[in-house]
Structure formats: structure tokens, C-alpha cells
Amino acid sequence: MTDFDAANLQRGIIQEFGTKVQGQDDVLQECVSLCQLFRMPPNELYISWEAFDDSSLKLSSSTSSARQKATSEVSVPLLRELKEWIHGKREREREAVGKPRVGMPTARRSLGGLMGRTGLGQTPGRQERPREAVAVRPRVEVKDVGEGKRNYRYMYGKLSQKAEILDDIIDDISELVRAHYDLEDLGDPASATDEDVVVVGRICSDADTGAKLTESSLLLESSRMGGSGVRTPLKFEHGFSVRGKNDNGFGLFPGQIVALKGKNGGGGWFSASEALEIPLLPEPPLPPTSSSTTSFNMVIACGPFTPDGDLLYRPFEQLLSEVSRSKPGVLLLLGPFIDSNHSLIRKGDVDHTPLQIFRHKVAGPLRRCMESNPGMSLVVVPSVRDLISFHSAFPQAALSDAEELGLPKATICLSNPCTALMNGVTIAASSVDVLFHLRKEEFVKRIEGSTTPLDPMASLAGHVLSQKSFYPIFPPTKDVSSDVNLDVLCYEFLRIGPTAPAVLVLPSMLKQFHKVVNDTLVINPSFLSRGSYAWLECPDATFAQEMGGKSAWEVYWKNATIDLRRLPTQ
1 MTDFDAANLQ RGIIQEFGTK VQGQDDVLQE CVSLCQLFRM PPNELYISWE AFDDSSLKLS
61 SSTSSARQKA TSEVSVPLLR ELKEWIHGKR EREREAVGKP RVGMPTARRS LGGLMGRTGL
121 GQTPGRQERP REAVAVRPRV EVKDVGEGKR NYRYMYGKLS QKAEILDDII DDISELVRAH
181 YDLEDLGDPA SATDEDVVVV GRICSDADTG AKLTESSLLL ESSRMGGSGV RTPLKFEHGF
241 SVRGKNDNGF GLFPGQIVAL KGKNGGGGWF SASEALEIPL LPEPPLPPTS SSTTSFNMVI
301 ACGPFTPDGD LLYRPFEQLL SEVSRSKPGV LLLLGPFIDS NHSLIRKGDV DHTPLQIFRH
361 KVAGPLRRCM ESNPGMSLVV VPSVRDLISF HSAFPQAALS DAEELGLPKA TICLSNPCTA
421 LMNGVTIAAS SVDVLFHLRK EEFVKRIEGS TTPLDPMASL AGHVLSQKSF YPIFPPTKDV
481 SSDVNLDVLC YEFLRIGPTA PAVLVLPSML KQFHKVVNDT LVINPSFLSR GSYAWLECPD
541 ATFAQEMGGK SAWEVYWKNA TIDLRRLPTQ
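Those letters in the sequence shown? Residues 1 to 570, per full-length UniProt numbering, in order.
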């Protein structure tokens, strides 16, 4: 229980407000009186003060030099403003007597060791937006390539529409294969032929139990245009190979669109002798050169941002300390921020709403971090598991109300998945763990006679790029369906294109890695709850442009800096 002794309150207030009250005994005494009057701990007084209306508060002595300059001419005494705030708060308290408090329990318990210093505030309804620092021009230009693709309805559509979309996926890749390999026509895997034909279809399993693919359970599904939508058993001939590749394995998973050469000899199955690679997207354009430098650095971190045993968000606090020290141009954060799978939330062992937790544990520290690093761009991408998002299907709309969430005004909220241009570098990201899902579902057909080992992580990332989809698996298995909530009707928002991204961020529970796959830098920063994040420095592209040709991106990435970092241990 909080001790409301004046001496203890003074120490707590000085700890919370710092230099704002030091040497101002009259202000300090007013704060003590306020805490005693409303039985309010010093930390809650500080949070309520932060949330007070910007037009009424001009709190000086900020940590930001920009804010110091903006407030240097303010001559209204802090004591008078504090008294006005106290008077207004008392008036609001008297008006609220007898009225239920929206979204707050009648009896209030402390989270104690679960959340440490809570300080989430008790103001009813929507809190006022905290004061923003003076606007500073961002050091990195961030442009949302997917702008206009954020708001869409989900759980709305017919089965026939879903079937048409699944067919369109096959037909689109069929046309790419036909044009790339200069084929007059494509065959139907269900039709018997004497000669080899090239067919394009979707990999399926004949097992309804959700078991992993095996060579004996493979089916090839054609589109209704290419083969009446029939599923045909798939077998591989002795000496099966992949055209243009010498890897000793060929990965297959449910939902994958493949191009195969072979024939149906009338035995009721399609016998494949060769696989043709799906044509890749054009390589991304190099960032344009200008009089100003295009090089920049960024920190990439993915939630959960707190361990499963508490809601203290210590890893997140450590990350922001590192950000304040290193001062990157961009901070890219991918959810979940308030994880629906967190053990305490699943058990209901919390006393505050997700919004309150987010405002105090995420948004508040982010505001202070932005103040200490003026010009940094903050980019936020939600997760399907985020309790602060009203969109629980994938693809997922961006967080809709940054003001309600208490995020800094300059926050750039992107959809999930998203594609953005950062100083001309195309960066794509998704918070769904597609790499782990692919690893669980992938069946690898061994290639006889090949001695080149298959790189598992590069192969998984290659599936995402070659299928041109942030989530090429269909259907998701039952055990991960709640982490995806795949909405087939909005598949167009899962497409990667029209060019390949320069950087593809795919957080996964698999081991951290970064690899260049088909000129795209793929980064798995892992999860911040594990103490892992990534640091990326993108260089100026002038030297790479001078190289020209296919080697330009290879040269570019050799001059970039990619660090997979760990938070310092305590």
C-alpha cells in the first residue's frame, strides 16, 4: 500500500518529476497536497500530468533541446498552472460523483510484481493527448507504398469469391511461366498424354487430418480454366531434377504454386520429371542519388516486447535506451505490442485495459525516446495477436488511431504486411511468422546426384519471394490458424510486387539470420522478448549504380552493415 507520508511523497515526486520540481518548494508542496488529497501515488500524478491538455500545460525544463527552445519564452509561472490544474481536477471530480467510470473496475487492485510501476492513471474515458515536442524534419524520408490498402472489410464474402481468387493465383503464375519459358500452351495434369507437357498447379495434401506433407500424399490442383480444378495425385520420376538449379532438395508445401514437366500416362496420376522455377520478380531499383546523402541506419525489433511471465516491458525499455544512445534514423517496430497469447492476459490476471497498458508501457516511453532523438522516424506495424488492433485478420489494416493510443504525433502506422520506401530503399515487412509455418509444413524432395546442400533459411525465404506472397501457405494448419486468421478475399494485399523488395523483414521464432536471397536482403530479427533485434545501415547507392548490371545489388549489400544484436544482460 502506498505511504502517503509527506516526506515519502516528496521523495517520490522528486524521483518522478526530476528537475521540474527541484528547488521549487512551493510547487513540491502543492504536489504533495494533491497526492494526499486524492490518495494518488507520485507515479500516477506524473502520468496524469503528462496526459493533461497541451493548451493548459507548458511544463518547462524538458530533456529535448528542441523543446527547451520552444518553451524558453514561456513566462507563466509553473505554480499558477499547477494550481489551475488542481482546481480543474477537483471540479471534474465533483462532477463525476455518482457517475460510473468508463472502462474501469469499481474496486482497484495493484498489479504489484506483474507490472511494477503501473502509473496507468485513473482518468475516465479517453485521455487527452500528451504534449508533443517541436516538429523536426525527419532524417529519413519514409513513404508508404501500400497507402490506400489499409481499410478493408474482412469476414465478408462468399465461398465462390474465395474459389475465384484461389484460381486467379494459379492463372496469374501460369501466364508468367508460359511467357518466361516461351511455351505455346500449358497442359492439364488430369488429362492423359503421350508426350511431356508443362503444367502449373497448387500443391495439396490428400490427408484431411492436417498431417505434414509426404511424397505419398501429394496432390496437384489445377485451376478451373487450366484443368477443371481437379486434384491429381503427384509422383516423381527417377532422376527428377530442377531446371537451372543444382541444390540437393526441392521444397514443397501446401498452397505452393509449382510448374512441373511430365505426363499423365493414364494411370490416374501425374508423373513429374522436372520442375521449372517460377519466374522471379524484377530486381528492386537502386535508391536514387541526389545532392543529399541517401544512406541511413535503422533499428528493427519485433514483439512480444515483454517476457511471458510479466508485463514489465523491461526488454522494451532496454531497447529504447539503446536507441537513444545509437540514434538511428528509423525505428521499425512490429507487433504484437499487447499480445493476446501472453500468459497473464490469457488468464485474466491483469487489472488494466490493453489500451492503458499500451499507453503507459509502450507509447509513453516511445514519446520520451522520440524527444531525445529528434528527427528519427518511428514506424509501427501491428500483429494479428495485438489487442490494441480492431482488425484481427491477415492481411491486417494499420493501427487506426495513433492519438487514442498515445503514440507520438509523427508516428507512421503501416498495415500488416507493408511495403515502404525509406530514402528510396524498398523495405517490406510482416509480423506473421511465415518462416516457422513454412518450416513446419515443408516437404523436401531429395534430388539424386546433386552435391550442393540446400540452405534451409534461404530456401524458406525464397519460397516467399518466388511465390510473390507474404503468406503463400494455403490452408494454414489448425494449430497456427489463430496466429494468421488468413482472409483469402483480401489476398491482393498479400502480394509482393511489382518489383522485389530490397529488404524483407520476416520475424520468426527460428534462429536469427540475415541472407541475401535473389538480390533481396532477408532479415529475421527474432523477438525482443528473447533479447534480439537487428541493426541495418544502408549505404549510399552511388558506387553500386556505377557498377551497373546484375551485380549492383550484390555490391550494395557488401557495403551495407547488418548486425543481429542482443540486449545487454542485466
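Hints listed in this document are in silico derivations from the structure and should not be mistaken for laboratory results. Treat the hints with care, as some may be off.
Said to hold, decoys possible - Label-pair distances were calculated between CB atoms; the ranges are:
{"id": "1", "residue 1": "H238", "residue 2": "S482", "range": "55 to 65 Å"}
{"id": "2", "residue 1": "D206", "residue 2": "S450", "range": "41 to 51 Å"}
{"id": "3", "residue 1": "P365", "residue 2": "A163", "range": "23 to 33 Å"}
{"id": "4", "residue 1": "E404", "residue 2": "E492", "range": "53 to 63 Å"}
{"id": "5", "residue 1": "F390", "residue 2": "G267", "range": "49 to 59 Å"}
{"id": "6", "residue 1": "S160", "residue 2": "T561", "range": "17 to 27 Å"}
{"id": "7", "residue 1": "D196", "residue 2": "K143", "range": "43 to 53 Å"}
{"id": "8", "residue 1": "D182", "residue 2": "E404", "range": "25 to 35 Å"}
{"id": "9", "residue 1": "T561", "residue 2": "K143", "range": "29 to 39 Å"}
{"id": "10", "residue 1": "V230", "residue 2": "E492", "range": "45 to 55 Å"}
{"id": "11", "residue 1": "E403", "residue 2": "A6", "range": "34 to 44 Å"}
{"id": "12", "residue 1": "S343", "residue 2": "V230", "range": "25 to 35 Å"}
{"id": "13", "residue 1": "D308", "residue 2": "G18", "range": "27 to 37 Å"}
{"id": "14", "residue 1": "R446", "residue 2": "T499", "range": "32 to 42 Å"}
Every residue gets a Cβ at the ideal spot worked out from N, C-alpha and C, and that includes glycine.
Verification of the hints:
1. Look at H238 against S482: about 42 Å separates their beta carbons, and that is not inside 55 to 65 Å.
2. For D206 paired with S450, a C-beta distance near 28 Å fails the hint of 41 to 51 Å.
3. A hinted range of 23 to 33 Å for the beta carbons of P365 and A163 is inconsistent with their spacing of about 47 Å.
4. The supplied range of 53 to 63 Å is broken by E404 and E492, whose beta-carbon atoms lie about 29 Å from each other.
5. The hinted range of 49 to 59 Å is satisfied by F390 and G267, whose Cβ atoms lie roughly 52 Å apart.
6. Distance hint check for S160 and T561: the Cβ-Cβ separation is about 50 Å, which falls outside the suggested range of 17 to 27 Å.
7. With their beta carbons about 47 Å apart, D196 and K143 fall inside the hinted range of 43 to 53 Å.
8. Between D182 and E404 the CB atoms are about 55 Å apart, so this pair departs from the stated range of 25 to 35 Å.
9. At about 23 Å, the beta-carbon gap between T561 and K143 misses the expected band of 29 to 39 Å.
10. At about 26 Å, the CB distance of V230 to E492 disagrees with the hint of 45 to 55 Å.
11. For E403 and A6, the Cβ-Cβ distance of about 37 Å falls inside the hinted range of 34 to 44 Å, so the restraint holds.
12. For S343 paired with V230, a C-beta distance near 46 Å fails the hint of 25 to 35 Å.
13. In this structure the supplied range 27 to 37 Å holds for D308 paired with G18, their Cβ-Cβ distance being about 33 Å.
14. The given range of 32 to 42 Å is respected by R446 and T499, whose C-beta atoms sit roughly 33 Å from each other.
Hint violations for this structure: numbers 1, 2, 3, 4, 6, 8, 9, 10, 12, all remaining hints satisfied.
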